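Protein chains in written order, with our numbering: chain E, 12 to 126; chain G, 3 to 112.
If a hint is listed, it holds; no wrong ones were tucked in.
Pairs of lysine to aspartate or glutamate, EDC-like flavour, derived with a Cα cap of 16 Å:
hint, chain 1, residue 1, chain 2, residue 2
1, E, K25, E, D99
2, E, K31, E, D99
3, G, K99, E, E70
4, G, K56, G, D69
5, G, K99, E, E63
6, E, K31, E, D76
Looking from chain G toward chain E, a few residues come up when the C-beta cut is under 8 Å (computed):
hint, residue
7, Y34
8, Q44
9, Q51
10, S101
11, F102
12, A104
Source of the hints: derived by calculation from the structure; they are not laboratory data. Keep in mind the model is a prediction, meaning the values are calculated, not measured. Backbone N, C-alpha and C define an ideal beta-carbon position, used for all residues, glycine too.
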Amino acid sequence: GAVVSQHPSWVICKSGTSVKIECRSLDFQATTMFWYRQFPKQSLMLMATSNEGSKATYEQGVEKDKFLINHASLTLSTLTVTSAHPEDSSFYICSAKGRVVTEAFFGQGTRLTVV
Amino acid sequence: LAKTTQPISMDSYEGQEVNITCSHNNIATNDYITWYQQFPSQGPRFIIQGYKTKVTNEVASLFIPADRKSSTLSLPRVSLSDTAVYYCLVGGSNDYKLSFGAGTTVTVRA
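Chain G extracted, bound-state conformation:
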């Protein structure tokens, strides 16, 4: 399983863009990169998933460079409700063990 490394915490203000970078140097060829958001006392919520280049949905964008050894989750114009822990996971569609790293605590201030 590819190990992931993320910053422990990030602070931001409402309306700003937040970018969280995750390192996964030993990502395998068939591994996808998935990001989840978790609020206290709730299960993680799927945000976005990608394999290469750029993926965008209604809540976030995921940037993956050509070597795929890192990825960046971009949250545009954050609000107070985006304060949460964000987890980056890598894994293949077949050997999906779905293990979590420490995550990044994002705090959005008014």
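This is chain E alone, in the form it adopts within the complex:
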């Protein structure tokens, strides 16, 4: 299957700082990207969907000013957690889908710990 690379794999940051997570599609053009967060022993919770060149669509309850999503190119999307707090600590996962395929592929995830 197609390859989606997410970076970093883990990050520890201080409360109040911002953290950027990158998601790249390495061998296909990702017209749509999805961002999720996952708490221990729970399912993936969709945070937002972004289409290349347009603003992200956020799920209900997700603060768009706190979780900034940029999808400026067909191979890169970024999620910035602004003014992070300990409750933002979670496993963040991105997914990418191309225009001509029906399946989406996932990055390896980023473990964020806010201290």
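Using the hints, position chain G against chain E.
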């Protein structure tokens, strides 16, 4: 979006076949059925996708009845490394919101 219902957990032994059934009663005409596997602290991995009848690849088979209101993922001869959470998703190629349900935790024992 079509809602999916799967068993919360299933236990099996090495070498057995594992079948996980997913219900999606309100699946739309242009919806595909996709299954993913997830190990702890990793992103989900695509297993198989289908629209109708039967699809088979090197790791699994997907059975979809004519009414498409359910689907069954079949894992042949499981091993300990198949212990994971398996998710069934339905969605169309255009309105792909890709929302996950609770998934099925499959535990394979020696």
